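J.: Single-letter residue listing:
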Amino acid sequence: MKSLKLIVGGTIAATAALSTFAMAGETVDSIKAKGYVQCGANTALAGFSAPTSEGKWEGLDIDLCHAVAAAILGDASKARFTPLTAAQRFTALQSKEVDLLARNTTWTLSRDTKVGLNFAGVNYYDGQGFMVAKASGITSATELDGATVCIEPGTTTELNLADYFRAQGMSFEPVVIENAVEAVQTFFSGRCDVYTTDASGLASYRQTAPNPDDFIVLPEIISKEPLGPAVRHGDEEFADIVRWTHIAMLEAEEKGITSANVDTFKKDSKDPGVQRLLGTTGDMGKALGVSDDWAYNVIKQVGNYGESFDRNVKAKLGLERGLNALWTDGGLMYPAPIR
Amino acid sequence: MSEPLKSRKRLSSLIYSEKARGVFAQILVTGGIAFIAWYLISNTFENLANQGIATGYSFLSLESSFGISEHMIEFTPADSYGRALMVGFLNTMKVSFLGIIFATLIGFVVGVSRMSKNWILSRIAAVYINLFRNIPVLLQLIFWYTLINNALPSPKRALEVLPDVFFSNRGVLFPVPAEHPAYFWMGVVFVIALVGVWLLRRWALAHRDRTGQTFPYVWAGLALVVVSVFITYLVCGAPTEMSTPVLKGFNFKGGAKLSPEFLSLLIGLTLYTSTYIADIVRSGLLSVPKGQEEASTDLGLKPSQTLMHVVLPQASRVMIPPLTSQYLNLTKNSSLAVAVGYPDLVSLSNTTMNQTGQAIEAISIFMAVYLGISLVISLFMNWYNKKMALVER
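Protein chains in written order, with our numbering: chain A, 1 to 339; chain B, 1001 to 1393.
Rather than coming from a laboratory, the hints here were simulated on the basis of the structure. All of these numbers come straight from a predicted model, not from anything done at the bench. Take the hints with a grain of salt, since some may be wrong.
When the alpha-carbon atoms are kept at most 25 Å apart in a straight line, the in silico SDA-like pairs for lysine to any residue are as follows [unchecked claim]:
#1 A:K134 with B:G1221
#2 A:K96 with B:T1146
#3 A:K266 with A:G234
#4 A:K314 with A:D214
#5 A:K96 with B:L1263
#6 B:K1094 with B:L1147
#7 A:K114 with B:A1054
#8 B:K1386 with B:L1147
#9 A:K114 with B:N1043
#10 B:K1387 with B:V1195
#11 A:K134 with B:K1094
#12 B:K1302 with B:V1195
#13 A:K134 with A:K266
#14 B:K1248 with A:S189
#15 A:K96 with B:V1191
#16 A:K114 with B:G1082
#17 B:K1094 with B:S1080
#18 B:K1248 with B:L1263
#19 A:K96 with B:K1094
#20 A:K255 with A:G234
#21 B:K1248 with A:V217
#22 B:K1156 with A:S189
#23 B:K1253 with A:E237
#24 B:K1156 with A:K96
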């Protein structure tokens, strides 16, 4: 773990130093040349990004990565995954170890600027919550004064936690463990009173407890966590493809197009919007620098956003759409027009 | 006519001159290295600028806004990144310093036991050495951390081993004297007394060389320190108030605490390094010819005097260089703290580089600090080595 970090740290200097000829479109060209998309993924977060027992990666973030592969290369299976801890993820992206970071990363101002990232949209609207042992008798975050809190370092969670306790005039003692799985196990062992991360993460980690019913998630949500895919700053062409791939998945859901019926839509639909989306008319793909049937490939091979959400987040974690419903259903998912 | 000939002669003599060739080669190598360094550094900055990544060290004065569990100096999330790194540096120094002391003590005891004529004792020492030396230190740290977290009860069911000393999965809590100015002055007097002891020792050794009379400066010095510190304590009002740990809400308040993270790191590093030190001690003692010990016994020296004045000074010449590298190893291994959540320099640098995105700067800081610590330890041990080497007649 440590050596990996040193390698990552070393390579950031080395690669930053050696790759002189950086230019727009470089990442897309390199993806086409090598024939796959290299994605930075979470090490193990069921519903978002986790390996199955057969070693196949699954999750909402993983699907987005497959979708990008389908859009650029026409084949969703041409995606490879690098598991990264929170502390490793930005360095891995900056040093070009991965092309795309699809790892439940919160979009913030400093990451968008100083850290050198470009966020290409929000694929999950989340907020930070707290998990405690049921036996502690705690029912509200306002009762947490003096608590010991297990967290992952290098996250917005870590900063929100300090902010929240400062604002409430309460004290806390952080126990900071780099690997999320180990941090959660440390919490289950009783070292900490509280574990805190995004609410979706709490739902996911709670299932890994020896007995999930021994733990409850407190009702308070203390922050806004718009989680989204990120690419390197200055990589506009690739950022556009990622952004519009996500939008295409939302648009497909809004139009009722699924992986099962996309062929029928492509053949029969008289809706100009659907025709543009599926590439039967217009040159949307060309504008992005990919083939015109890019969105068709995404929907056919990966599915629309709702399908991805249902088979990952809903099936694995039992979470409802909530904020992540389409705007037509009262949620925040609002696809920009594809035209 | 003669002019070109002369210059050709000079040139050819340069080619054949070994010195000229040497200088030329050195210029070439130095220039090459300088060029590579310049190329890498300038490209790094250019590429960072292209990616829009911030550079420079100005982030050190920004508010850190994260919490740190263990700090030897005051720290709140409102303090700067620079102060957070300082906290990490002090935590690294704390665990390394204590680790070196305990590893040396245990190493000496085990090393001497390993050579004991008592079969059981020497076997136990051998098992100890082989067990802790042959398991990777990272696994040992995780083992101790998991053990402490899982084996010890929650704070509410903490084990009260001694009155007011609690063992729980929040760490070991024990009472300490409550804050009082007396303790500050006792510290000052303690340092002054140590200087006094040093002067006393100098006088005693000179006196011995002059007259052949020995003066028990060790005992006299000890008495000087104890008595002077105790008198200060009485003069300052003999405070008796203690800060005892009391369970309040989630956690213990008051007293002093050794956290599970700190304990597992300290235990892991100490046990691992002590096995190497034990073998270094053994090899040092074995390197002193048996005749030295026999001769000194025949001269009428007591066994303790033989050990202190004959065997150890000679053994230490063999022991000090490898001990130095073990001390360096322990200090560098303390960076494994990340695995058990102890907020050392590397752990806090990692957090800092993540929150600011300035990996190169943060890494450069902790590399420079480790290099500095290692060089200081090396310098000290080299100085000590030289001092011991002078004993040679």
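J.: For each hint, tell me whether it holds in the structure or not.
T.: Here is what the structure says about each hint:
{"no.": "1", "hint": "A:K134 with B:G1221", "verdict": "59 Å, violated"}
{"no.": "2", "hint": "A:K96 with B:T1146", "verdict": "35 Å, violated"}
{"no.": "3", "hint": "A:K266 with A:G234", "verdict": "35 Å, violated"}
{"no.": "4", "hint": "A:K314 with A:D214", "verdict": "22 Å, holds"}
{"no.": "5", "hint": "A:K96 with B:L1263", "verdict": "38 Å, violated"}
{"no.": "6", "hint": "B:K1094 with B:L1147", "verdict": "23 Å, holds"}
{"no.": "7", "hint": "A:K114 with B:A1054", "verdict": "5 Å, holds"}
{"no.": "8", "hint": "B:K1386 with B:L1147", "verdict": "43 Å, violated"}
{"no.": "9", "hint": "A:K114 with B:N1043", "verdict": "19 Å, holds"}
{"no.": "10", "hint": "B:K1387 with B:V1195", "verdict": "20 Å, holds"}
{"no.": "11", "hint": "A:K134 with B:K1094", "verdict": "37 Å, violated"}
{"no.": "12", "hint": "B:K1302 with B:V1195", "verdict": "29 Å, violated"}
{"no.": "13", "hint": "A:K134 with A:K266", "verdict": "52 Å, violated"}
{"no.": "14", "hint": "B:K1248 with A:S189", "verdict": "21 Å, holds"}
{"no.": "15", "hint": "A:K96 with B:V1191", "verdict": "55 Å, violated"}
{"no.": "16", "hint": "A:K114 with B:G1082", "verdict": "18 Å, holds"}
{"no.": "17", "hint": "B:K1094 with B:S1080", "verdict": "21 Å, holds"}
{"no.": "18", "hint": "B:K1248 with B:L1263", "verdict": "23 Å, holds"}
{"no.": "19", "hint": "A:K96 with B:K1094", "verdict": "37 Å, violated"}
{"no.": "20", "hint": "A:K255 with A:G234", "verdict": "33 Å, violated"}
{"no.": "21", "hint": "B:K1248 with A:V217", "verdict": "23 Å, holds"}
{"no.": "22", "hint": "B:K1156 with A:S189", "verdict": "15 Å, holds"}
{"no.": "23", "hint": "B:K1253 with A:E237", "verdict": "56 Å, violated"}
{"no.": "24", "hint": "B:K1156 with A:K96", "verdict": "49 Å, violated"}
In this structure, the hints that do not hold are numbers 1, 2, 3, 5, 8, 11, 12, 13, 15, 19, 20, 23, 24, in rising order.
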